[in-house]
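Taking the hints into account, I'd like the entire structure generated from these sequences.
Going by UniProt numbering, the first residue of the sequence shown is number 1, and it counts up by one from there.
It should be emphasised that the hints constitute simulated quantities derived from the structure, not laboratory data.
No residue lacks a Cβ here, since even glycine has one placed at the ideal position from N, Cα and C.
Here are the in silico distance ranges between beta carbons for each label pair:
#, residue 1, residue 2, range
1, 18, 57, 18 to 28 Å
2, 33, 66, 29 to 39 Å
3, 43, 23, 14 to 24 Å
4, 48, 3, 33 to 43 Å
5, 19, 49, 26 to 36 Å
6, 25, 68, 25 to 35 Å
7, 30, 59, 13 to 23 Å
SDA-like cross-link-like pairs, simulated, lysine to any residue; straight-line CA separation at most 20 Å:
#, residue 1, residue 2
8, 41, 55
9, 55, 32
10, 59, 24
11, 55, 8
12, 59, 8
13, 55, 27
14, 59, 11
15, 55, 25
16, 55, 17
17, 59, 21
18, 59, 27
19, 55, 28
20, 41, 31
21, 55, 40
22, 55, 65
23, 59, 23
24, 55, 67
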Amino acid sequence: MTGFGTLAVRSGLPRDSTTRALVEPISLSTTFSQDQVASPKGAYIYSRSANPNRKSFEKTIADLEAQTTHWHSHPA
1 MTGFGTLAVR SGLPRDSTTR ALVEPISLST TFSQDQVASP KGAYIYSRSA
51 NPNRKSFEKT IADLEAQTTH WHSHPA
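Below, the structure is given as structure tokens:
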């Protein structure tokens, strides 16, 4: 089982396939490329609604909440 500290630091972070960097770069873009209005080329349109960093943060929080629930329901 992974400890809380390790999970808090590592969860949600994608690994860069080229550099193998462990820390995701900060996405400073406010808008993302679109073919036309509301037709994004990728997964994101506008950073207030979603961006790569928010997605990683949300995954980390969800993983931590799930693990905390597991630890509370299965005490050592």
